[in-house]
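In order, the protein sequence lines correspond to chains A and B. When we follow my numbering, the leftmost residue of the first sequence carries the number 1, and every step to the right adds one. When we follow my numbering, the leftmost residue of the second sequence carries the number 1001, and every step to the right adds one.
Any given hint could be a false lead.
Here are the simulated lysine-lysine pairs, DSSO-like style, with alpha carbons at most 27 Å apart [to be verified]:
(1) A:Lys17 <-> B:Lys1042
(2) B:Lys1042 <-> B:Lys1056
(3) B:Lys1067 <-> A:Lys44
If we take Cβ atoms under 7 Å as the criterion, some of the chain B residues that face chain A in the derived model are [what the hints assert, rightly or not]:
(4) Ser1032
(5) Leu1046
(6) Ser1049
(7) Asn1053
(8) Ile1092
(9) Thr1098
(10) Phe1101
Where chain A lies over chain B, by a calculated footprint (3+ residues, C-beta under 8 Å) [unchecked claim]:
(11) 1062-1068
(12) 1074-1080
Please keep in mind that the hints were generated in silico from the structure rather than gathered at the bench. Where is the CB? At the ideal position from N, CA and C, for every residue including glycine.
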Amino acid sequence: DAMVIQNPRYQVTQFGKPVTLSCSQTLNHNVMYWYQQKSSQAPKLLFHYYDKDFNNEADTPDNFQSRRPNTSFCFLDIRSPGLGDAAMYLCATSRDYPRLAGAAYNEQFFGPGTRLTVL
Amino acid sequence: QKEVEQNSGPLSVPEGAIASLNCTYSDRVSQSFFWYRQYSGKSPELIMSIYSNGDKEDGRFTAQLNKASQYVSLLIRDSQPSDSATYLCAVIITGYSTLTFGKGTMLLVSP
């Protein structure tokens, strides 16, 4: 089945120790997104790519970086994790950007998430 | 400012009842609307999308959209305990390439 895969599912790191989260997709979608979600909050968009064109949300901290080496894979790097970075990190994909209302390619599909704990 | 508002709940309904979840949005030119279900500790799962005014039905789920009132709702008929989850409303606003999420409404269905 076509899907969005995230690894690892659970990641424990120490304060200040860099960590990399990965996402892969077999949907052949053009757009990939990284979200951060804390308890009882809405998912917060960090980055998105159309193919290799990178888009950074204005309020995404510099501590967060992202790479998309090819269509299938995307990585989230947290250079110096702080206690406030503990969250669920969600990867999502969509076939295209929402250029036309009502198009199925507007739909975003999420991976299972990576739960990050910072000690 | 882009805003999507949902009552945080919890909304409690007995098994077999109709659950009604509501969402309002601030931007008049919003064009695409989605409902996601999120179980505790899991990722969001897309359950409905709606783009035109009126109702859209899929099994036990009905999405309702009223663009004039800037209101979208999700009805769940014959609610089951397995429907207990947080339901996230998400909106694509014209000119933006990304979703804006509400904070979600927690639904509790009691046996």
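Hint check:
no., hint, in the structure
1, A:Lys17 <-> B:Lys1042, "holds (25 Å)"
2, B:Lys1042 <-> B:Lys1056, "holds (26 Å)"
3, B:Lys1067 <-> A:Lys44, "holds (25 Å)"
4, Ser1032, "holds (5 Å)"
5, Leu1046, "holds (6 Å)"
6, Ser1049, "holds (6 Å)"
7, Asn1053, "violated (12 Å)"
8, Ile1092, "holds (5 Å)"
9, Thr1098, "holds (6 Å)"
10, Phe1101, "holds (4 Å)"
11, 1062-1068, "violated (count 0)"
12, 1074-1080, "violated (count 0)"
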